[in-house]
Amino acid sequence: GIQVEQSPPDLILQEGANSTLRCNFSDSVNNLQWFHQNPWGQLINLFYIPSGTKQNGRLSATTVATERYSLLYISSSQTTDSGVYFCAAKGNRDDKIIFGKGTRLHILP
Amino acid sequence: DTEVTQTPKHLVMGMTNKKSLKCEQHMGHRAMYWYKQKAKKPPELMFVYSYEKLSINESVPSRFSPECPNSSLLNLHLHALQPEDSALYLCASSQGTVARGRSEAFFGQGTRLTVV
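Protein chains in written order, with this note's numbering: chain A, 1 to 109; chain B, 1 to 116.
Check the hints yourself; a few may be wrong.
What the hints assert, rightly or not - Quick list of in silico lysine to aspartate or glutamate cross-link-like pairs, DMTMM-like style, CA-CA up to 20 Å:
hint, chain 1, residue 1, chain 2, residue 2
1, B, Lys18, B, Glu84
2, B, Lys36, A, Glu5
3, B, Lys53, B, Glu24
4, B, Lys40, A, Glu5
5, B, Lys41, A, Asp10
6, A, Lys96, B, Glu67
7, A, Lys96, B, Glu52
As the list claims (entries may be wrong) - Sample of chain B residues at the chain A side, in silico, Cβ under 8 Å:
hint, residue
8, Tyr33
9, Ala87
10, Ala105
11, Gln109
12, Arg112
As the list claims (entries may be wrong) - Away from chain A, derived, C-beta distances all over 12 Å, residues of chain B:
hint, residue
13, Lys19
14, Ser20
15, Glu24
16, Pro43
17, Arg63
18, Phe64
19, Ser65
20, Pro69
Source of the hints: derived by calculation from the structure; they are not laboratory data.
Glycine is no exception: its CB is placed at the ideal position from the N, C-alpha and C atoms.
With the hints as constraints, model all of the structure from the sequences given.
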């Protein structure tokens, strides 16, 4: 099945800094999503982005499907951005949605 | 409405108990999922239902028994669990691979299960 790798595993930044999170996937995808998991465990949908570029406020994402990677950009980080960011992908062969191991982001005040 | 509702939010059960987790969605999605998430780990796929039929079982022990009574509901029946089964259990739904449009998945808030 599809494999998903995220980097870096941990990221510590000062408030106001920008960050880039990366997701590599091993096969063609028809679904690529970015989630933020809050401290209570809720997975919050950030982007559905199997290809192309999207922006939502300070967050934006780009997926280059032909090169099998996606990037999540966070600009002007705030302490409330802290938490775990997951990338999840679904290939074209079955309904499995597979998660990467996540990037744990710490924004320091 | 993009809501997936899971009940209960918290559950404590003994190793000899039988309990069920419930999941409901009204988005017309035809694929529904159960995931297990241990602390500081990513969600791990357990089961997938497609059009109310079990399509994927990721070699999950038989003490976990999924059920899809209709297209909106998904249950996970629990019996004779072990303390190591304590985890956050997440339900999700999506349109599935047969959909030509978006196949975005939406997750419930999860059930935090403790086995004592």
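Evaluate the condition: distance from the CB of Phe64 of chain B to the nearest CB of chain A exceeds 12 Å. Label holds. Min Cβ-Cβ 17 Å, cutoff 12 Å.
At 12 Å, judged by beta carbons, does Pro43 of chain B keep clear of chain A as stated? violated (5 Å)
Exclusion check [Ser20 of chain B not at the chain A interface, CB over 12 Å]: holds (19 Å)
Straight-line Cα separation of Lys53 of chain B and Glu24 of chain B no greater than 20 Å? This hinted pair holds, its Cα atoms lying about 16 Å apart.
Cβ separation check - Ser65 of chain B to all of chain A, threshold 12 Å: Correct as stated: the minimum Cβ-Cβ distance to chain A is 20 Å, above 12 Å.
Given the proposed pairing of Lys36 of chain B with Glu5 of chain A, does the C-alpha separation stay at or below 20 Å? holds (19 Å)
With the threshold set at 20 Å, check whether the alpha-carbon distance from Lys96 of chain A to Glu67 of chain B stays at or below it. Cα-Cα ~18 Å, so holds.
Pro69 of chain B: least C-beta distance to chain A exceeds 12 Å? holds (19 Å)
Does Lys18 of chain B pair with Glu84 of chain B here, judged by a C-alpha cut-off of 20 Å? Holds, at about 16 Å.
Assertion that Arg63 of chain B lies farther than 12 Å from chain A (Cβ): Label holds. Min Cβ-Cβ 22 Å, cutoff 12 Å.
No chain A beta carbon within 12 Å of Lys19 of chain B's: Fine: 19 Å to the nearest Cβ keeps Lys19 of chain B off the interface.
Take the C-alpha atoms of Lys96 of chain A and Glu52 of chain B, compute the straight-line distance between them, and say whether it is at most 20 Å. Within the cut-off at roughly 15 Å; holds.
Figure legend: structure checked against the earlier numbered hints; hints not met, in rising order: 9, 16.
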